[in-house]
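Going line by line, the protein sequences match chains A and B. Under the numbering used here, think of the first position of the first sequence as 1, with each following residue one higher. Under the numbering used here, think of the first position of the second sequence as 1, with each following residue one higher.
It is possible that some hints are incorrect.
[Claimed, not checked] No more than 27 Å apart at the CA atoms, straight line, and that leaves these computed lysine-lysine pairs for DSSO-like:
| id | chain 1 | residue 1 | chain 2 | residue 2 |
| --- | --- | --- | --- | --- |
| 1 | B | K117 | A | K133 |
| 2 | B | K29 | A | K400 |
| 3 | B | K28 | A | K24 |
| 4 | B | K116 | A | K134 |
| 5 | A | K24 | B | K29 |
To be clear, the hints were calculated from the coordinates, so they are not data collected in a lab. These numbers were taken from a predicted model, which means no experiment stands behind them.
Here are the chains, one letter per residue:
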Amino acid sequence: MATDYKHSVSLDIEKCKGCTTCLKRCPTEAIRIRDGHAVINSGRCIDCGECIRVCPYKAKKATHDSLSILGDYKYTIALPAPSLYGQFDNLDNIGYIIRGLLDLGFDDVFEVACAAELVSAYTRKYINREDVKKPILSSACPAITRIISMNYPDLCENIMPILPPVDIAAILARDKALREHPELKPEEIGIIFISPCPAKVSYVKNSFAGERNYISATISVRDVYFALLDVMKKREDEPLEATESGMIGIGWASTGGESTAILNDRYLAADGIENCIRVLDQIDNSDMITLDFVELNACSGGCVGGAMTVANPYIAQARLQSLKRYLPVSPNRPASDWIPDQYFQEKTVEYNPYSLLADDRKTAMRMMSDIESITKELPGLDCGSCGAPTCMAFAEDIVKCETSADECTVIMRQIFHEYLDKRRGESLLERFKPLTPRKNPETEDGGNDSK
Amino acid sequence: MSDAVKFHFEVDGSDFSSAGAASVMVKKKLRQLGYPPDIIRKVSIAMYEGEINMVIHANGGTADVEVSDEEIVITLSDRGPGIPNVELAMQEGYSTARENIRNLGFGAGMGLPNMKKYTDSMKIDTVVGEGTTITMTVKL
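Based on the sequences and whatever the hints tell you, model everything.
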C-alpha cells in the first residue's frame, strides 16, 4: 500500500535549488535534500500541499489533468467543489459559474455541494447509532485520513465510513447521465472533478472509493478559475442556470461547515496540518474528550485554502458567506432515513505504520539505540544543511544508511578548524592573513574565525 | 533486558502548554520499534497522565522510559510536594488541582487511577516535601 501509492505532489528538479524551506515545513518529514535538490519519500507524503505553498522557486507542483481532457469523452460532467465559488470577486450568483462551466464545454454540472448536503444528512443519522465509536472523524480531507492511517492505529475505526461528497456526487451524476441519455455507454461519460487540492487528486488516483470510483479525471480549481474568467466576462445577461445547493453544502468549503451541519454542539473543527496533528495527538491520548464529531482540514481555512486554489482562503470564505446568504438551508435531502449501502466505503481505513525502523524488533531496537547515541553527538541545531529536517531525523537517516555522518556541516566545520589548528603554519588562511583588513585590532581574531 | 533502549526526557514545569510532549515522543519511538497499537496506547496514556501531573503539581521533573522485548518501564521523578495520602490520591475523582488548572479541563481526579488502569504494575515512592517517583510497567 505504502509503496504503490500514487501521489499528486511532485517536484520540478530543474527549478529546485535545494534550499531547506520545504524540508522544514513538511509535517510528516517526508522530504530530504539529496544531491542538491529535494526528494519526496512517497511512503510518508500525505499530499497536503504544504511544500507547494512554501516553495520560493515554485519547484513543487500538483500534478492533475488539464481541461483538454474534455475531448476524451463523448459526454462530460463537471463536479465543482464548493471552494470554486469563493474564487471570484464581485460574483453574486453561483449560476454564472454553472453556466460558465457549460460554456467551457461540459455537458452537465453536478455540484459537489449538493452531495455534501446528503452526506451531512447521513452523518446526522449515523452519529445516533449505538455501535459507532466516538468521536467520529470526518473522512472529507484525504490528507488527514492518510496521516491517521500512518500514525494513529486506534483512531482508524473512528473515521467516518460514509463516502465523501465527491464520490457520492460522482455516483449521482453518473446515474443521472445514464438515465437522461440511455444511448451513452458508461465509458463515454467523463466525470471531471474540479479539485481545490492535491490530496483530493491523489485520493481519486488511488481509487479509495474502490469500484465506485466513478471520477474519470481531476482538474484544478486554479485552471478552471482562469478558464472561467474568459467565458464569464462575455456574459452580462442574467444567468440561465441556478445553483441547486444550499447553505449547508456550500459551507463545506470552509472549516466548521461540515461540523455545524450535524446540528449538534459536541463537535470540534480545526484546520492547518500542524493544528490537526496536535488535536489528533490529544484525542489519541485521552478519554476525557467527549465529542461526537471531529472535522479536521489540513489546509488553513479548510478546502478554500487548498494548494490548487487562487484566492486567499479567508477572502474566499467571506465571499461564500455572501453567496449563500439567501439560499435555502439544505435543499438536497435523502429520499429515506436509510443510508444506502453503496454510499459506504468498501473497506475501513487500515493502520499502515510507515515509520517502522525494521520488521523484527531486535533490529529495530538496535537501530533505535544507535539513533539515540548519534543524536546526542549532533549539534541539535536542526539547521537542515545535512538534508534532513532535524538532527534526530539525520541520525535516523545515518542508521538507515540513507546518508553519511559527514553531511553534518557543523561537525565538519569543527573538524576543519581542528585540522587548521594543527597545521597553522601551512594553512591557506594563514597565508591570507596579511590581506585581511586590520581596522579593529580587538576583534581581529573573531573576524578571522568567521571566514 | 540487555537489549533495552532507554529514553530520557526533561519535563518542563514552567510551560504548561508543552505538557504531554514527552508522551507524544515516546509514542513516535514505539511506533518506529513496531510495538502493537494497544501497548503503545497504554504506555502513552499512562505517561501522558503522569506528565500532566508532574507539570500541575510538582513543577516538572524527569521521565525515563526503558523499552525491551518483554516490557516497557516508565519512571517519572519529581522534586515536588509529595503525596500526603496515596490511598486518597488513588481514588477516582479526587484532585488537589487548582481552579485555573481545572478550568483548562484537567484536574478531574483521573490521573493516578488511569495510570494504574493502563499499566500492569505501578509503584509510588513519595516523601512529603521531597518529591515523588512513580514507576509503571507495561508488559508485552
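Consistency of the hints with the structure:
1. B:K117 x A:K133: Between K117 (chain B) and K133 (chain A) the Cα gap is close to 21 Å, so the pair holds against 27 Å.
2. B:K29 x A:K400: Distance of about 15 Å is within 27 Å: holds.
3. B:K28 x A:K24: 18 Å, holds
4. B:K116 x A:K134: Satisfied, since the Cα-Cα distance of roughly 24 Å is no more than 27 Å.
5. A:K24 x B:K29: Since the Cα atoms of K24 (chain A) and K29 (chain B) sit roughly 20 Å apart, the hinted pair holds (cutoff 27 Å).
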